[in-house]
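Chains A and B, in that order, are what the protein sequence lines are.
Every letter in the first sequence is one number past the one before it in my numbering, and letter 107, counting from 1, is 107.
Every letter in the second sequence is one number past the one before it in my numbering, and letter 16, counting from 1, is 1016.
Calculated from the structure, these hints are not laboratory results.
Quick reminder that beta carbons are idealized off the backbone N, C-alpha and C, glycines included.
The reader is advised that the hints may include incorrect statements.
Claimed, not checked - Reference excerpt, derived from the structure (chain A facing chain B, CB under 8 Å, subset only):
1) T3
2) R7
3) K104
4) G105
5) T106
6) R113
7) P114
8) V115
9) D264
10) I265
11) I267
Spelled out from the first residue to the last, the chains are:
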Amino acid sequence: MFTIIWRTILDRKVSVIAYSLAGILFMWMFVGLYPSIKENTAEFDELLKAYPQELIKAFGIEELSFDTLERFLAVEQYSITWPLMAVFMVVSFAGMALAREIEKGTAEILLSRPVSRLTIFFSKYIAGIKAFAIFTIVSIFSVVPLAEMYNIDYSLENQAKTALLGFLFGLAIFSFSYMLSAMFSERSKAYMISGGVLILMYVLKIMSSLEDNLENLKYASFFHYFDANKTLIYGEIDTTSVLVFLGVTVVCTVIGAIWFNKRDIAI
Amino acid sequence: MWVFFVYDFILCYTVFMSTIIGVQNLKKHFGKVKAIDGISFEVEKGEIFGFLGPNGAGKTTTIRCMMDFIRPSEGNISILDKDAHKDDVWLKKKIGYLSGQVKLYDKWTGRMHIDFVSKLNGKTDIAKELIKKLDFDPNRKTKHLSSGNRQKLGLIMSFMCEPDVLIFDEPTNALDPLLQNTVYDMIADATKRGATVFMSSHNLAEVQRICDRVGIIKEGKMAAIESIVSLKEKRINTVRVLFANKVDPKEFEIEGVEVNKKFDQELVLQVKGGIDKLVKILAKHTIRDLEVTEATLEDIFLEYYE
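Make the full structure from the sequences, and use the hints.
Structure, rendered in C-alpha cells:
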C-alpha cells in the first residue's frame, strides 16, 4: 500500500507544489495588500456598503468591514479564490488517480500485481488526501510567516479552524470526484460530472441568497457549508457542516470502493 | 494400508495439480454482445498453450477474465487450483502477465517501473539478469522508448519474478524477428523450469513454432482444441492439376475433395485426408503437370472458420 501511496504522491508532486505555491502567492498578495487596506478601512467600508445587497449576499460577504486580517481574508481569499483552487486540485487529482489509469491502460501494471483492488483504491485515495492536506496546510498557514513579515495581527486559532473546515470541504469534493473516477473509464467523464455538479452547487448557493423563496436550495450546496466568515472571523465551526462533509466523504468513499472492486476494467 | 493411502494421495495430487489452468463454461456478455460464449479448456503443467483466433474472436476478453480485470457473466476459471477472482491477489504472485501493447507510465524510467513491480511483488527477482539479457537501458524515460524497447520492459516485468504461470496476450505484436526469437527463447526457458504458458496469438507460424497445443476460438466459442502435431496430421493438401484436355470439374466432386478454382484445362483442388481416390480419377486423364502442396497451418486454421 505504501509503495502505491508514495509513488502516486511523487507522480503528482509538481501539481501539489504548483497549487501550494499558488496558494502562498495569493495569500502573500492579500496579506501584502492588507496594511494599505487597513489604513483606509473607513473608505472601503463605505465602498462595500455602496455595493448592491444581492452582490454582497451572492459572495457571502456578511461582515462589511476590513478592520481585521481575518475579515479581509474571508472576503478576498476564502469567498472564491481558495475554494476554487481546492476544487481544481482535488477534482484533477481524483480524475488522474483512477479514471486516467484505466483510460491510459497503465492500470494493467497495478492490476496484474499481487495487490487487491481495494488496496489500489484506498492507496490512491490516501495519496489524494495527503496531497490535499499538504496544500491546505501550506496555503492556509502561510498566513503566519506572511502576517509576521508585515507585522499584522492574526488569530492562529481561527486560521487553524478554517484549515480544518477547508480540509473537510476539499475532502468531501475529493471523495465525490474520486467515486466518479472509480466508476468511469474516461477521466473526461469524471471531470465533466464533478465540474457540472460543483457549478450547479455554486449556482444554487447564489440563487438561494438572491431569492427568499429559494433559500432552502443552499442546503444542497457544499459552498453553503464552507462558511469561512463564521470560522475565520468568529472561530466557529458549524457542526452541520462537519457532519455533511464527513457524511458525503464516507458515503462516496464506500460507494466508490464497492464499485471499483466489482467493476470490469477493460484495459 | 497407509502405503496405499499415501500412494492415492500422491496420485490424486499429481493428477489434480497437473492441470494448471482450468476454464469451464466461461461466458462474458456485454449487453447483447456475447464476447465469450461458453468456452472450456485446460492447460497442463509445463505446457505452452496457444490461443488462436482473429481480432474480435474473444481472445483478449478471455485473458482479461483470467487476470480478473473483468468478471465472467458465467463459468469458472481456476489457476493453480485457485479461483481466479477470489484468490486473485495470491495468484498474481505466481502469474506473469504481458499484453501485446505494453502500457507504461510516460514520466517514469524503465528502472522506476522495475522497482515499482519489484516492491509490489515483494520478493527477490531476476530483473538485473533480464536487463542484461535483453540489452535494455532502464535509465531512459519510457516516453522516449521505441515499441520494441517498451515490449522489452514489459517482458522484464512479466518474467522478473520467475512466475509459475505466464499469461501473454499477443506478446510478440510489433516485435522484430530478432526480438521475437528472444521471446520464444525466454518462454522455452520458463517451461524448462516448470512454468506453464498461455498465450493468445493470431500469428500461426509463432504458434506452430512454440506451442504444444492450440485452442481455436471463433466468435466467442471454442472451435477446436488440438495438439500442434494432430493439427498438422489433418493432412490437407492443395492439388494443382494441368490437364492435356478440357475436363468436367463435377467429375472431381467426391468426398474429401473440393474444387477451389477451375479453368478449362486446370483445376485447383483441396483434398482432406488421403489423396488415393483423387489419384485414381486423375489416372483416367492425360496430365501435363501435377503439383501437390501440403497445407499450411493457416489453411488448417481457416478450416475452422468456414
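Hint by hint, here is what the structure shows:
1. T3: holds (4 Å)
2. R7: holds (6 Å)
3. K104: This interface hint holds because 6 Å falls under the 8 Å limit.
4. G105: holds (3 Å)
5. T106: Holds: closest Cβ of chain B sits about 5 Å from T106/A, inside 8 Å.
6. R113: holds (4 Å)
7. P114: Holds: closest Cβ of chain B sits about 4 Å from P114/A, inside 8 Å.
8. V115: This hint holds: V115/A lies near chain B, its Cβ roughly 6 Å from the closest one there, short of 8 Å.
9. D264: Nearest chain B Cβ about 4 Å off; hint holds.
10. I265: holds (5 Å)
11. I267: Hint holds; I267/A Cβ to chain B Cβ min 6 Å, cut 8 Å.
Violated hints are absent here; each numbered hint is respected by the structure.
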